[in-house]
Amino acid sequence: MSRTPELRRLQEWLALVVRHPESAAAGIRARVAQGLFPVQDVVVGRVVAPGKRMPVTGCLQVYHTAYRERLCEVLAAEYPALHYLLGKERFRRLCTAYVRRHPSRHPNLNQLGRLLPAFVARQRRLREHAFATDLARLELGISLAFDAPVRPALHPGRLQAVPAETWPRAVLACTPSLQLLALRYPVHEWFEAFAAGQKPGRPRPARTHVAVYRREYRVCRIGLTADAFAVLASIARGVPLGRALARAPQDAVGAWFQAWAAGGLFTDVRIAPR
Amino acid sequence: MRPRDLVTTDLGIGLGLRNVHYRHILDRRPRVDFFEILSENYMHTGGRPLHVLDQIAERYPVVMHGVSLNLGSVDPLDRAYLKELKALQARCRARWVSDHLCWTGVGGVGLHDLMPLPYTHEALRHLVRRVRQVQDLLEQPLILENPSTYLEFAHADFGEPEFLGALCSETGCGLLLDLNNVFVCASNHGFDAADYLRRVPWDHVVYFHLAGHTVFDTHRFDTHDHPVSREVWRLYELAHRHSGGRSTVLEWDANIPDFATVHDEARKAAKYRGATRGRQPAASP
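Respectively, the protein sequence lines represent chains A and B. 1 is the number of the first residue of the first sequence in our numbering; add one for each residue after it. 1 is the number of the first residue of the second sequence in our numbering; add one for each residue after it.
Derived by calculation from the structure, the hints in this document are not laboratory data. Given the structure is predicted, the values throughout are model-derived calculations rather than measurements. Keep in mind that a hint or two might mislead.
Derived lysine to any residue pairs resembling SDA-like cross-links, with alpha carbons at most 25 Å apart [claimed, not checked]:
1) Lys199/A / Asn108/A
2) Lys83/B / Asn108/A
3) Lys199/A / Trp167/A
4) Lys52/A / Ser229/B
5) Lys52/A / Lys83/B
Some chain B residues close to chain A (C-beta under 7 Å, calculated; not the full set) [to be verified]:
6) Leu111
7) His121
8) Leu124
9) Tyr196
10) Ala254
Listed next, the stretches of chain A that the computed footprint assigns to chain B, with coverage defined by at least 3 CB atoms under 8 Å from CB atoms of chain B [said to hold, decoys possible]:
11) 80 to 89
12) 94 to 107
13) 182 to 191
14) 230 to 241
Just so you know, even glycine gets a beta-carbon here, dropped at the ideal spot from N, CA and C.
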C-alpha cells in the first residue's frame, strides 16, 4: 500500500482533470475522476479552495489550458512546416488528438513528438494525408539528427589504408545522426522553400529519397537517387561493401562515396571476416 | 546535510541562458557574472547545445535549473534522469542544481507543468524522503524553487514558507526564492507577499529568481515574457534586506528580446542590491 494515499489520490485526480480532452469542468465530472473525488465535494471547495477571483473550476482550467498549450507549442516548434501546412487550428486539433493517444512518458519534452509522423500516417481523413506524413517524417529526421550523439568523421587516411583486395569485406559505420527517408513527395524541396520564407504550394507526388545528417553541429539534407539510397541504406545496416554495391551503377559509385565521405557520413571502417 | 553545506556564495547577477542568444554570447563574450542553464535543454541530446554549453562553461560560472525532476510525485524517482542530471552537472561544473517544489507527472505520464502540492504533513514526509534520495545521488544539496500556483488545496497543515522551512531543516536542501512567483501567488491567492518574505527560512536561501508575468482579469500567470514588474522589484529589494544579499538570475523564456535588452533588465538588479547594502535586515515577526 502506498505511504502517501491522499497525495496519490490528489495527484491522480488532478492529472485526470488536467488531461481531460474537453475542459477541467468536464474532467471533474468524468466517471474516473468522480471515483477519486465526488463532483459535489470539488465544486463546493472541499478539495481545491476557490481562488481569490476564480471559482474552483477556473483554477483547474488554468492548468488544463496550460497543459494543452504547452504541448502544442513544443510540437509546433519541432514540426514548423507541418504546422504551416495544416494551419494553426488543424495543427492544434492534431496535437490534441496525438497527446491524448500518446501522452508524454519521458521527462524531456524533446521526446514528445517522436511518434507524431506515425500518428499522422494513421489520420486517413486528413486532406493532405500522404504529403503531411512525409513532411512530418522529414521534420522528425531533422530533430533526430540534431539530437544524435557526436561521432568524429572517419579520417580519409583510414579509408585509403584499406587494402584494395579487402574492400568487398569492408563494413562502414555511419554517423548516428544519419536518417534515410524514402518519401512519396518531394518534401525536401518543399521544406527548403518553406525554410527560406517562401509559401510553397503543394507539390505533385514523386518518389524522393533524402539523407538527413549532422555535419559537426549543422543539420544537412541531401537528395539521393534511388540507387544511391539503396546503397547507403545497405551500408547503414552494416552490409559489407561488396554486397552493398553489387547492383549499383559502377560509374556513379566513386562520386557517391567521395561526397558521403567528405560529408562526414562515415565514422569507422572494419574488415569483416571471410 | 545541514545549512553549512549550502554554498551561498554571491555569484552576482546572472542570466538564464537561452539558445537565441548563443551566437551573441560566443562572439561578443558579454560581461555576465554567471549563467543559469535549463538542465533539460542539455539532456537527451548530443549535438550543438552541449557544444555551446562546453564553451560557455569554459568562460562563465554555470548553475543548473531543471523542470522535470518530478520531486513531489508519488511515482518513483526517475533514476536514469538523475544519473544524466549528475553527468551534466559534472560536465559543466555547475555550482548549484535546482528544480521546483512541485510534481510534474503521475502514473508514468508527464504533465510538464509545475503542479502544486498540498502543504500537509503527509506531503512533507514524502518530500523529505525524496529530497534525501536525490541529494544522496547528486552528492550535493538540492536547491528548490517556490513555484507559481493557480490553485490551493482545501486542506493544508502549513503555509508555503513554513513547509519550505520544515523541508529545508529536515534535509539541508537550499531554496531558490523566485520573487515573481511569490508575487504571482500572493496576488492569485490573496496573501501579503511582504509577510511571506518575513517567514522565509533565510539561512537556506541560495539565490533569487526574477522574471515577468502576464496579468489576466482573473489571475496573474508566470509567463517569463515581460520585464520584471515594479512590484516584484520592490519585493526583490525587501528580499535583499532580509538575506543580506544573494545571487540573482533573470529569466526570460518567451518573446525573448535581444541579448542587450535582457542584460539591461538584469542589470537593474544592481541598483536594488546596492540600495540594501549596509542596511539592517527587516525585523522578523
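Hint check results:
1. Lys199/A / Asn108/A: violated, 32 Å
2. Lys83/B / Asn108/A: holds, 14 Å
3. Lys199/A / Trp167/A: violated, 47 Å
4. Lys52/A / Ser229/B: Given pair lysine 52/A, serine 229/B holds - Cα atoms ~21 Å apart, limit 25 Å.
5. Lys52/A / Lys83/B: Violated: lysine 52/A and lysine 83/B sit about 41 Å apart, past 25 Å.
6. Leu111: Status holds, d = 6 Å.
7. His121: violated, 10 Å
8. Leu124: violated, 10 Å
9. Tyr196: violated, 15 Å
10. Ala254: This hint is violated: alanine 254/B lies away from chain A, its Cβ roughly 9 Å from the closest one there, beyond 7 Å.
11. 80 to 89: violated (count 0)
12. 94 to 107: holds (count 5)
13. 182 to 191: Three-residue rule not met by the segment 182 to 191 of chain A, so violated; n is 0.
14. 230 to 241: violated (count 0)
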